[in-house]
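Enquirer: Residue numbers (my numbering), protein chains in the order written: chain V, 1 to 294; chain R, 1 to 294; chain F, 1 to 294; chain X, 1 to 294.
Treat the hints as calculated values from the structure; they're not laboratory data.
There could be a bad hint or two in this list.
Any copy will do: because identical chains look the same in the list, a pair fits if it lies in one copy or spans two.
Unchecked claim - Only pairs whose alpha carbons sit at most 30 Å apart, straight line, appear in this in silico DSBU-like list of lysine-lysine:
id, residue 1, residue 2
1, Lys294, Lys35
2, Lys217, Lys156
3, Lys294, Lys52
4, Lys156, Lys194
Number of protein chains: 4
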Amino acid sequence: MNIGFIGLGVMGSGMARNLARAGHQVKVYNRTRTKAEALEPDGAIVVDRPEKVCEEADVLITMLADDNALEAVIEDDPEFLPALPRGAIHMAMGTISVAKSKRIEEIHLGHGHKFIAAPVLGRGDVAEAGQLAIIAAGAPDVIETCQPLLDIMGRKTYYTGSAPYSANTAKLCMNFMLAAAIESLGEAFAVVRKAEIDPELFLDLVTGTLFPTPVHKVYGDMQARDDYTSANFTVTLGLKDVNLAAEAAEDLNVPLPMAGVVRDQLINALAHEEADQDWSVVGRVAMRNAGLAK
Amino acid sequence: MNIGFIGLGVMGSGMARNLARAGHQVKVYNRTRTKAEALEPDGAIVVDRPEKVCEEADVLITMLADDNALEAVIEDDPEFLPALPRGAIHMAMGTISVAKSKRIEEIHLGHGHKFIAAPVLGRGDVAEAGQLAIIAAGAPDVIETCQPLLDIMGRKTYYTGSAPYSANTAKLCMNFMLAAAIESLGEAFAVVRKAEIDPELFLDLVTGTLFPTPVHKVYGDMQARDDYTSANFTVTLGLKDVNLAAEAAEDLNVPLPMAGVVRDQLINALAHEEADQDWSVVGRVAMRNAGLAK
Amino acid sequence: MNIGFIGLGVMGSGMARNLARAGHQVKVYNRTRTKAEALEPDGAIVVDRPEKVCEEADVLITMLADDNALEAVIEDDPEFLPALPRGAIHMAMGTISVAKSKRIEEIHLGHGHKFIAAPVLGRGDVAEAGQLAIIAAGAPDVIETCQPLLDIMGRKTYYTGSAPYSANTAKLCMNFMLAAAIESLGEAFAVVRKAEIDPELFLDLVTGTLFPTPVHKVYGDMQARDDYTSANFTVTLGLKDVNLAAEAAEDLNVPLPMAGVVRDQLINALAHEEADQDWSVVGRVAMRNAGLAK
Amino acid sequence: MNIGFIGLGVMGSGMARNLARAGHQVKVYNRTRTKAEALEPDGAIVVDRPEKVCEEADVLITMLADDNALEAVIEDDPEFLPALPRGAIHMAMGTISVAKSKRIEEIHLGHGHKFIAAPVLGRGDVAEAGQLAIIAAGAPDVIETCQPLLDIMGRKTYYTGSAPYSANTAKLCMNFMLAAAIESLGEAFAVVRKAEIDPELFLDLVTGTLFPTPVHKVYGDMQARDDYTSANFTVTLGLKDVNLAAEAAEDLNVPLPMAGVVRDQLINALAHEEADQDWSVVGRVAMRNAGLAK
Chain V
1 MNIGFIGLGV MGSGMARNLA RAGHQVKVYN RTRTKAEALE PDGAIVVDRP EKVCEEADVL
61 ITMLADDNAL EAVIEDDPEF LPALPRGAIH MAMGTISVAK SKRIEEIHLG HGHKFIAAPV
121 LGRGDVAEAG QLAIIAAGAP DVIETCQPLL DIMGRKTYYT GSAPYSANTA KLCMNFMLAA
181 AIESLGEAFA VVRKAEIDPE LFLDLVTGTL FPTPVHKVYG DMQARDDYTS ANFTVTLGLK
241 DVNLAAEAAE DLNVPLPMAG VVRDQLINAL AHEEADQDWS VVGRVAMRNA GLAK
Chain R
1 MNIGFIGLGV MGSGMARNLA RAGHQVKVYN RTRTKAEALE PDGAIVVDRP EKVCEEADVL
61 ITMLADDNAL EAVIEDDPEF LPALPRGAIH MAMGTISVAK SKRIEEIHLG HGHKFIAAPV
121 LGRGDVAEAG QLAIIAAGAP DVIETCQPLL DIMGRKTYYT GSAPYSANTA KLCMNFMLAA
181 AIESLGEAFA VVRKAEIDPE LFLDLVTGTL FPTPVHKVYG DMQARDDYTS ANFTVTLGLK
241 DVNLAAEAAE DLNVPLPMAG VVRDQLINAL AHEEADQDWS VVGRVAMRNA GLAK
Chain F
1 MNIGFIGLGV MGSGMARNLA RAGHQVKVYN RTRTKAEALE PDGAIVVDRP EKVCEEADVL
61 ITMLADDNAL EAVIEDDPEF LPALPRGAIH MAMGTISVAK SKRIEEIHLG HGHKFIAAPV
121 LGRGDVAEAG QLAIIAAGAP DVIETCQPLL DIMGRKTYYT GSAPYSANTA KLCMNFMLAA
181 AIESLGEAFA VVRKAEIDPE LFLDLVTGTL FPTPVHKVYG DMQARDDYTS ANFTVTLGLK
241 DVNLAAEAAE DLNVPLPMAG VVRDQLINAL AHEEADQDWS VVGRVAMRNA GLAK
Chain X
1 MNIGFIGLGV MGSGMARNLA RAGHQVKVYN RTRTKAEALE PDGAIVVDRP EKVCEEADVL
61 ITMLADDNAL EAVIEDDPEF LPALPRGAIH MAMGTISVAK SKRIEEIHLG HGHKFIAAPV
121 LGRGDVAEAG QLAIIAAGAP DVIETCQPLL DIMGRKTYYT GSAPYSANTA KLCMNFMLAA
181 AIESLGEAFA VVRKAEIDPE LFLDLVTGTL FPTPVHKVYG DMQARDDYTS ANFTVTLGLK
241 DVNLAAEAAE DLNVPLPMAG VVRDQLINAL AHEEADQDWS VVGRVAMRNA GLAK
């Protein structure tokens with residue numbers, strides 16, 4: 001298939017490379033051109049304007065950081081949408097808001113395009129290995145058309161329904177649960193430290209019994225060491241995602257009390273100039289609340 | 001060793017049986033005598049009064065349900081403590097409060113006994129298989145003396161420190177994290193249902209990606225089916241444990257905001273006559289809050 | 001002074017009438033023209049386009065319901081801003097977001113206008129009587145120019161500082177405190193009812209001792225009667241304001257845990273089709289959580 | 001009537017004095033004897049053992065600080081209860097838990113005594129002036145017997161029902177609402193400070209408009225000055241009362257989310273060695289959470 005791909009960050013690069021290596025024609029655009037050029041050895045075609053990826057595209061894939069980045073491409077650039085052929089599919093794979101997903105779908109329908117949402121779970125190395133978990137939603141026939149691409153990028157596709165926004169909702173729910181797990185671990189660590197239990201030992205207990213997950217290992221390790229400087233996901237991004245989950249829930253009239261708790265802790269982190277630390281710094285916030293840190 | 005064992009519930013029976021089978025002399029007492037007699041084929045000696053297990057005991061093991069049950073044996077029965085030889089060890093393996101653990105330790109010291117706390121993680125079948133995770137705390141030499149017994153009952157011992165109460169604290173922190181995980185999953189399910197996503201599919205996503213744990217599978221399954229009748233752990237017991245965790249945290253001056261949230265949801269369940277349902281019924285509470293259930 | 005006045009709802013009508021009666025030239029515009037015409041006997045001049053109030057205006061007053069209504073007039077109508085003379089003052093008196101206040105200020109500065117925010121506390125009859133409490137912020141000299149107008153509309157002006165947004169922030173903080181008071185009263189009523197105490201008696205106690213305020217009387221009365229149909233302020237509007245307060249706090253990096261609690265209760269009300277009830281219906285939500293209502 | 005009075009703190013002294021001055025025979029006991037002797041000029045009879053106040057008493061009044069103090073007198077002293085004549089009334093006027101109120105009632109019934117609960121609202125000067133608000137509950141005829149005494153001590157009696165514990169419940173609800181008001185004011189102050197609004201001006205706004213109450217003035221003044229050293233009610237006492245309210249609510253199966261929030265803030269204060277500061281120090285906690293204080 002002819003694929004246009006925009007957004008070559010740590011995730012997008014691996015995804016686009018795998019598509020190109022699998023033999024698809026992949027036109028790539030990235031604001032920082034060197035990231036696009038890095039894909040040329042794999043067969044990707046580098047273009048110098050976003051709308052150029054649209055020409056002759058069967059599928060447009062966006063892997064952009066957030067609503068604003070997607071909006072800048074799709075809505076703010078008047079030449080972009082007309083360049084995408086009627087009947088083409090836009091597959092939005094970044095983590096965006098439910099409201100933005102609905103809005104973009106509406107816009108595309110108005111241009112005779114098809115739209116599916118397909119946010120992913122996994123990090124850069126997983127993307128590189130083509131082993132992402134993909135949450136996909138949209139019209140079944142459109143999903144079917146894209147399935148070969150999804151199978152190249154991911155190890156499994158979770159199909160949440162025919163409304164594209166349902167995939168975004170499910171993704172935000174996952175991030176919400178992740179935030180809640182990190183927060184509860186952070187609160188537990190504060191108790192544990194006050195009881196003079198070795199945090200590393202407690203983490204062994206947590207991951208050796210009830211919660212043997214990479215999530216608890218990775219974020220728990222930062223909290224056990226009380227070092228959040230090598231950010232996996234920053235406080236700023238974490239708060240954005242928790243807010244998106246809370247907004248999605250509010251749109252559906254669902255109270256989400258745990259999101260409120262995490263939100264307050266992340267704002268506390270912002271107030272202490274920890275915006276660029278990993279969001280597991282809520283463990284430090286819990287320590288501060290317990291008088292263990294400044 | 002000569003072991004006295006009190007508390008032959010679903011956990012204690014397996015633990016006592018394994019000790020007896022390993023060749024230790026195990027005197028057992030249980031209020032319901034038939035549960036004690038069931039261990040006779042394995043070599044256990046059934047006695048008809050709690051204090052009888054104390055006679056000549058090197059180690060007294062209690063696996064009682066809660067503070068009240070332990071208090072009834074240790075504090076309320078005037079014949080019990082004098083029956084336990086000076087120098088004997090009491091290993092308290094039930095989930096009790098930090099305050100009770102400290103109190104019992106004090107009482108034993110006054111009688112010339114030693115005291116360690118060794119609460120466990122795992123369920124009946126795991127106890128039966130001698131594969132429990134054990135959190136132990138107390139004087140290192142006392143722990144060392146008991147280690148052969150711990151190794152019979154469990155697959156691994158997590159040693160949290162020389163103060164017995166630290167093991168109880170760690171156990172309550174685990175239960176707190178478990179409660180938080182169940183609550184966050186319940187909240188997510190409410191969002192998911194409102195977005196018309198299949199709950200079973202969402203559970204596959206949760207357990208197939210970020211949270212591949214038995215906890216998420218077992219409790220998530222009840223929430224996905226919205227059926228909490230085959231209680232693994234009731235609302236009443238869950239609220240008791242969340243309260244114990246909150247009290248332990250308060251004693252250490254640690255705020256525990258997520259415990260507050262879970263507590264309110266469990267009380268909501270009590271108010272809807274769900275005391276005997278599994279505590280994952282907080283998923284139903286979240287549904288009610290979202291207008292999805294009565 | 002020459003005044004342009006837009007927004008003749010229950011509050012704005014009284015405010016504009018008082019200005020006209022005091023001898024100022026007041027040009028009025030309202031989408032529903034009859035509301036404007038009702039002010040003609042008091043000397044107001046009715047115009048048929050929003051921008052017409054701007055002509056020759058010294059001061060433009062807007063008393064619009066929310067951000068969207070203000071945006072529609074100021075930002076979306078290309079003829080509006082050019083019609084307002086350079087040097088004219090825009091006094092925004094509705095309850096708007098901090099973000100919108102900052103944005104509007106910026107726009108006006110670009111057109112050579114001056115901008116102050118002056119949200120009010122009080123209801124229709126208070127506005128009619130010229131007895132509002134006004135929270136004003138902006139450049140001191142601009143406030144000084146407007147003070148005679150503020151003194152006509154209100155009984156007292158609280159000057160929060162030279163940054164207009166500070167007045168909006170203070171107003172949102174008042175609304176937040178109001179929401180918290182209503183929520184805490186609602187929670188207390190649920191306890192009181194369960195203890196079989198007469199809610200009316202409890203309200204007498206509340207308002208006869210610690211909280212002798214109109215707020216506790218008015219909203220407490222609805223909660224004591226469990227009847228929220230004659231809405232003073234709807235759930236929809238209440239949630240909007242609580243969200244605005246939470247956003248303003250987030251922008252300033254201030255956690256606001258009580259706002260999170262109220263927000264969840266208001267969303268619970270939305271989920272139970274109570275959007276148009278008075279926001280004191282959080283008392284019903286508390287009853288539901290306690291199993292006292294469906 | 002013959003009155004026995006125990007507990008001559010800042011509240012009890014004024015209450016007992018007023019009873020003595022009104023011509024009742026009042027036997028007083030206090031651990032610190034000088035406080036009892038200070039009432040002799042008013043006609044009170046000082047005794048040197050708690051049970052001595054019981055002799056020939058028609059009514060025993062306790063105005064003790066908490067459950068423990070009451071328990072020490074009523075339950076732990078084996079000579080006390082037998083000394084109180086059958087048919088005598090115990091009127092418990094301190095702020096005690098619902099559980100303790102029920103327990104004490106039960107004990108008295110077993111001794112042929114009558115029991116009513118009559119906690120009060122007001123401070124030392126109000127007690128001295130005989131202007132307390134009294135919340136009373138118990139059998140109507142017993143209340144009627146005591147009404148003349150209540151009318152001496154208070155300006156108004158709020159009768160909550162025939163179950164004594166209902167008065168304790170209502171009192172705890174009042175304290176809960178007070179705590180919530182202080183907390184919401186503290187959160188608002190943090191926002192206000194970050195927006196560079198003068199806290200004193202904001203307090204004027206709060207007390208000059210929606211919340212013209214002594215409560216908002218007294219506690220708001222401490223928060224505006226960020227000085228909590230002249231404690232009206234300490235963090236320790238505040239947390240005790242919030243916990244009692246939460247327990248009373250839990251016993252009635254009522255979730256009380258705002259109590260959870262306040263509880264966490266008070267524990268935060270404890271963790272920062274502010275146990276003896278006024279409980280309005282939750283305003284400092286809010287400042288800390290916003291990065292405004294250490």
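Enquirer: Indicate, hint by hint, whether the structure satisfies it.
Expert: Each hint tested on the structure:
no.: 1; hint: Lys294 / Lys35; in the structure: neither (40 Å within a copy, 44 Å between copies)
no.: 2; hint: Lys217 / Lys156; in the structure: both (23 Å within a copy, 19 Å between copies)
no.: 3; hint: Lys294 / Lys52; in the structure: neither (51 Å within a copy, 54 Å between copies)
no.: 4; hint: Lys156 / Lys194; in the structure: between (42 Å within a copy, 24 Å between copies)
Going through the hint list in order, the structure does not satisfy hints 1 and 3.
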